[in-house]
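Undergrad: Protein chains in written order, with numbering that gives the first Met the number 0: chain V, 0 to 774; chain B, 0 to 307.
The hints are simulated quantities; they were obtained by calculation from the structure and are not laboratory data.
A few of these clues could be false.
[Unchecked claim] Covered stretches of chain B, going by a simulated chain V footprint (3 or more residues, C-beta under 8 Å):
id, region
1, 207-217
2, 221-230
[What the hints assert, rightly or not] Restraint ranges, calculated between C-beta atoms of paired labels, are given here:
id, chain 1, residue 1, chain 2, residue 2, range
3, V, E450, B, D248, 32 to 42 Å
4, V, D435, B, D248, 40 to 50 Å
5, B, N220, V, D315, 44 to 54 Å
6, B, G214, V, D71, 24 to 34 Å
7, V, D71, B, K114, 50 to 60 Å
8, V, A456, B, K297, 33 to 43 Å
9, B, K114, V, S289, 51 to 61 Å
10, B, R241, V, D435, 26 to 36 Å
11, B, N220, V, P240, 29 to 39 Å
[Claimed, not checked] Taking beta-carbon pairs under 10 Å as the criterion, some of the chain B residues facing chain V (in silico):
id, residue
12, G23
13, A49
14, P72
15, F196
16, R234
17, C255
18, V261
19, G266
20, L268
21, V292
22, D295
23, F304
Using N, Cα and C, we set each Cβ at its ideal position, and we do this for glycine too.
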Amino acid sequence: MATMSPMTPFKVSELSEPEPTCLQKPWIGNGNEAVARAILDIGYDCEGYYPITPSSDVGEVISKAYAEGETDISFVIGTSELAALGICAGAAVAGGRVVDVTSANGLLLKAEQMPAISGLGLPMVLNLSTRDVSAPLNIKNGHSDLYATLGWGWLTFLAPNVQAAYDMNIIAIKVAERVNLPAIVAYDGFHTSHANRRISVFASQDEVRRFVGPPPFKGTLEARNGRFSFIDVQHPRTFGPYMNDDLINAKVQMETKFERAYQYLPRVFEEFARMTGRRYGFVEQHGDRSGQRCLVALNTAGEAAKDAVDLLAAKDEWVNLVVPTVLRPWPEKEILAAIGEAEAIVVAERGSQYGASNYLANEIGAALQRHGNPARIIQRTYGIGGLNFTKDDALVMYAEAAEVMKPTRHDDEKPLAPGGFSFAESKYYHGAWPGDEGYAPEQTLVPLTVEECSVNAALGAKVNLKDLSKMPTRFDKHSACPGCGIFTSLNLFLRGIDGHVCLLFNTGCGMVVTTGYPLTSFKVPYFHNLFHNSTSTATGVVEMIKRFKARGDLPEDITVIAVSGDGGDDIGMDQVIGAALRNDPFILFEYDNKGYMNTGAQLCYSGYKHQKASNAHFGPQQTGKRTHHKEIVEILRGTFAPYIATCCESHPQDMIRKARKAQATTRDGGFAFVKTLSVCPLNWGMEEHVGPSAVEAAVNACMHPLYEIEHGITTITVDPEKAGKKVPVTDAFTAMGGAFAHLARPEYSEAVKEVQDEVNRRWARLKLMSENPNL
Amino acid sequence: MSAFKLPARDELGFCNIFLSALGGDGANMGGKLLFKIGCTHFGLDGGYDARYGSEKKGTATDVSVRFCEVGTPVRQAGPTATPHFLVAFHDDLIAPLELGRGLQLNAVCIVNSIKSPEEVRHLLGLHSGTIVCVDATKIAYQSKSRMNMPLIAVLCHELGFPDTDVTAVIKKQWPKAAESNMAAFNAALGGSTRETFSSNGYPRQSPQVSRGPIGWRNMLNGGTIDALTHCTLNRDNRIAGRGRVPKFDKGVCTSCGICLTVCSDPGGLLWRDGRMDGIDDAFCKGCMRCVEVCPDTKKGKALTFDYA
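Only chain B is shown next, with the shape it has when bound in the complex:
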C-alpha cells in the first residue's frame, strides 16, 4: 500500500490518537486494530500504548496510538498528553477525566453521545476543532456489534483511511462477526453528526494533569488511609453503572433477604431496619444478580429489569 499522508503531526512528526473508555468497552482491541491497520495497510509506523493496569470491568482506561511516517524514530512511550484525535467512549467521561486537556489546535473529537456537537464542545471546552457525535451504544446494540466498532469506523474515516481498506481488514480480522461489524461500520458513518468550530470562546487547555491535595508533605505515614475521612461511602458510580439498575417494587417486596446474599457490592442495595428499601442508583453496577434470585411470589417479583 502506498504511503499515506498523516492528517496532522506534532513537532516530532506524530499524529496522536487518544481513546478514553471503560474496561470492557473494547478500546484496547480497537486501538490494537487501528495500529495494525496503519502499519500493515497504510505504510505507517508509530506505537500503541495502553494503560492496562489493574483496571477492572467498568473502570476508566485509556489507549494511545501514535502514527508517523516510516523512518521517523519512535521513541516516546506511555500515553499521549497532546492528542490530535480524541475518542471518548462515553460523554460522561469527559468532565471527570478532563479529556479536554492537552488537545491540539483543530483537534478531532469523536464522542459516543446523543448530545449535539455544540453541547459536547462545551463539555470538552474545545478551543478549536471538529466534534463528531455518534450514538455508538445504540449502533452496537442494533447491529449486534461492539461499541468499539462504530467509534473505530468514524476514527478511521476522520483519519482519512479509505473506508474500503478498513472494512477489508475488519472482515479479515473477525470473519465470523463480519456482517454485524459492517452493519455497525456503515451505520456509524451514516449516522454521525459532525461540526467544526473555530477558536471562539474556549481557551486552549494545557496538558498538565491536576494533582490531588495529598502529597509527600501531608501523606500519612507510609501511605496510610484514614477511613474516617477517606471512605468510599459516598462514591458515585454512575459512569461505570451507566444507569443500568434494576427496578424495585416496594409493594411487592417481602424483604426475604435473598437479594442481600448475592449483591456483589453491599453498597448497591439499601436496607433499613430489616426492610429492603431500594437500589442505590448512584452506585449499583447493574450486575442483575439480585434480579436473578428475587423470588417470584404471589404478588410478583420485587426486583426486575427490562433487558430489552
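Here chain V stands alone, though its shape is the one from the complex:
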C-alpha cells in the first residue's frame, strides 16, 4: 500500500480540552462500581434489580450505599430479570427516574418488557454489562446480548472503558428523559466491568444533578415534556391501550424520537465536555482519516486497537480506527466521515449474525453503498466467550486488510473463512481453532447398570448406610469449594434412588463446577438448559420417555431428577408450580443455600430475615434481608402434588427414605419435590468442616423442619421438640457462620426475636397440620 505522508495530521483522540467548569476528582474502581457511582450521583428514584454475572456488583454497591444512608433510592430485588424490569416499568409510568442493570441471559429474559418500555415512551437507563448469551453457558464478554436489542427501540450508548461507563450513564439519562425513550449503556463484561482504573468523577453530586436536570415530576404530577404520571388521579389517563391499525403511527412516533435524540446529542456532548473536560461523540476516530485501511471495533476492542494504530504510526504506517459510541440512533453520517478514505474496512465484532453477514458489517456496508463509497468490508468475528482482544489482534487485522488490498489477490484464492462461508463474503472467526485431526480419546467410563444400582430394592424397608455405600456414585470429582453442601446432599439423596437416572440442572454452582468443558463429572445423562426452567425441561423429557416407551423404543426404566438451587426456584417458581399442577412424573430436588451463591452471595427469598447478603447490608437504614424466609414447601402444598418433602444431610436415614418415596411417586406417574438445606462455607463464612453440625442446628431450631406432605397429609418426620433437642434460632445462626452469626449478638436481639417468633409460629402451624390429616 502507499505510505501516507508523515505530514498527514495525526489525530489523537485524547485531545486536550479546556479546563472543566465542574471540579473533577480522581477515583479508583471497576466498571461496575463506576456505573454504581454514576447511579448515586444522578440520584435515581428506583432501581429494579436481579443479580447476574458480570453486572451483579452494581446493585451490591447501591444496596450498600442504601444501608449506609447515602441514598434513599427504592432498591427492589425482583424474583427474576423480567420482574426487575417490570418493577422499573411500574416506577417509570408512575413518574420515577429509573435504572436497571443486566447481562446476557438476564437481558433476554427481559426481552418481552424491552419493546414495551420503548413503545410506551418510558425513559430509563438499562446498564448492560455485555456477556455472551448461552448455550453452552459462558459468563464472559460477548456482544450477542447487545446485538439482540438493536431493533427494540432503545437509545444505545457504548462505553469503551471504565471512565466512559460512568460518563455515558450521566449522558444517557439526560437524553432519555429529553426524548422519552429508554436507553441502554453497554460496557464490556469483565474487560470493563471488572477492570479497575483510575478515572475522574464529578466532585459534587449537585453538578451532576444540575446537568441531568431535576427528577421528573418533582413538585408536581402534571404533564412534563410530553410525559405523564400514571398516579396523577387529578387527571386520569389510560396507559398501554389496545391498538389496531394505529400501531404503525405509534411506531412512527417512536422513530421520530430517535431523530430528536440525534439532533439533541451533539449539544449534550458539548455541554458535558465543557463541564468535565471529557469529550464524547457519536463515534470516536483515532489515527489517520486518509488511511487506506480502517478498523471498526466496539468497546474494549476499539480501545485496545488504538495502541495498534499508534504503534503502526511510529513505523510510518498510517491506518484509521473507528469506535462507534452510539449505535441507536445509528450515526451513519458520522461513521462514514470517520471512516474517511479507507479502501479496506475491517469490521471486527464480538458476535456474529449466524447464517448471514454480521450486524455492524451489514449496517456499514449499507451506509457505504447509499453514499456510493466502493470501500471493501472485511468481516471478523472475535472474542466470543471472552477471549481477550489486544493490540496484537488489531495488528493482525490491519495486516489482513493489507493482504486483501493486494492487487494480486483474487476471490478464487484460498478463502479466509474456516470452511468458507459462501453466504457471507470474507466472514472469518479470529481466534477460533479447528481441533486436532484424528483426536480419539480413550474410553474411561463404563456406563452404570441397573443391577449395580439396585441397592435400595435389595434393602427392602431398611436404611443401612454400609449397604448403601455399594450404590455407585452418579457423579464424581467436581470442582466445588471444599465442604460444599450441594454434592453432599445430592450424592446422599441419589443413594436412595435405584436404577437409571437422568439429571437436569438449573444454572448455579452445581452445574458450573461439574461440567467445565471438555470434562464432565456426571456418569449418567445430564442436561443443563437455563437458570429457571429445569422443571419445564424435565416435563418435556418425561413426555418423550412415555412416548418412546409406548412405541417400544426405550426398554429402560428411567427416573428423571431436576436439580435446582433456591435461586432457580425463585426465578422459576411459576414453572415449578406448573410441573406440580400437571403432576409430571419426575423429582425436583432443591438445594437451598439461602442465596445466589454462584453470582456472589446475593439474597434469595429463601434466606432468613436479617441475614447478610452482598445486596442486603447492615447500616443505619437497613439490617440485612428485609423479609422472612420463603417456605417453598408451603407454596407447593396448594398444588396437592402427591409427594412434597424436606430433608437434610444431618439426618441421612430420613433423607434416604424420602428419596425412595419420591422415586416411588414418580414411578406411579406423579410429581415429587424434595428440598434440602445446603451449606455454603464460602458465602456463609464458616469453616469447611462444620457444615454437618450447622445444618443439624438449623433442623433442631425448627428453621428447616423435616417433614413430608403426601397427597395433602402432613407428617413431621424428625421432631426435635419431642426428642428434647429443640434449640433457639440463635444457636443455629451461631453455627451457620458470618452471614448469620451477628444475629446472636445482643445488639440484634430485637431483630432475631422477629425470626424466632416467625419460626415458632410456622412450627406451631406445622405441628397442628401433622396432627390433623384434614389440615
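Take the given structure of chain V and dock chain B to it, following the hints.
TA: Showing chain B alone in chain V's frame:
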C-alpha cells in the same frame, strides 16, 4: 508523592505484573491493594484486571496489574500475556498453567516455594531474570496473616516501592491486622532466597497459549460432552487439595458409613464392597467434614487430622 520510576516497561510504556493463585488465596485483594498503592502513593497510573469468573475456592485464578506513568493512555484490558513480574502463589501451578510463557527478558518471578531458585527456574524454563523464593505458606501461618501478605511484600520490594510507604498503606488499610501483617511483611523480606540468572540454556517462550485438541471441526453437536471418554473420574486435584487430607486408620474403622453421608465430593472417599478403604489422596479437597463426624469408638477415631 513524587513520581516513581518504573523498573521495567513494554513498548506501550507498561510494567506488567501477573499474579497466579487459587481461589481463596487473596490474590484478588492483593492485586487491588497493589494497584491502589501504585496510584495513590507512587503517582502511577495503569490498570488492575482480574479473571474473576466462576472460580470456586481452590480453583486457579489470576490477576493482572499494569503500571504506567500518568499520561500514558491505558487502553489494553484483560490479563497481561507478557509479564515483567510474575507472582506464583504455589510452585505447583507453574507446570500445569505454563506460567513460564510470555515472560519478558529479565523477568522477576516471586514464587511461594521451599524449593531453591535454581529448581524453580527449571520449572519455569526461565530464559533470563531473577527468581525470589519465599515460603509464604509458613510465614502466613506463623504470623497469623494471609499468604498474599508475604508475596505482596516481596513484590512491592522488587518493584522498588519503598518498604516504609508500603507498610504505612497496609497498616492503614487493615488496622486490626496490622501487627500480623507487619510480621509477615518483615519475615518475607528477611526470609526470601533470591538469585539472578542470565540467558544460558532456556529459550524464551512465546505468550501463545496452547489450545485443546477439540475445536470447531471435531466438537460434538452443540458442545455435547461424551461422558464415556471425558469423565472427571481420574481428575487429579492435588494442586487445590494441597495434600491436606485426613489420616485414615483402617484398623479402627467400623465402616459405619457416616463419613459417606457428609463427604462433599463422592470422589474423595474410597469404599469397596461395603467397607471404607481409604482416602483418595489425588482428589480429596481436605474439607475435613468426615473427620468431624467420624465417631470416636472404643477403638478410637478412624479419620483424624492434625490441625497443627
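Undergrad: Could you check the structure against the hints above and give me the numbers of any it violates, in ascending order?
TA: Hints 6, 11, 15, 22 not satisfied by this model.
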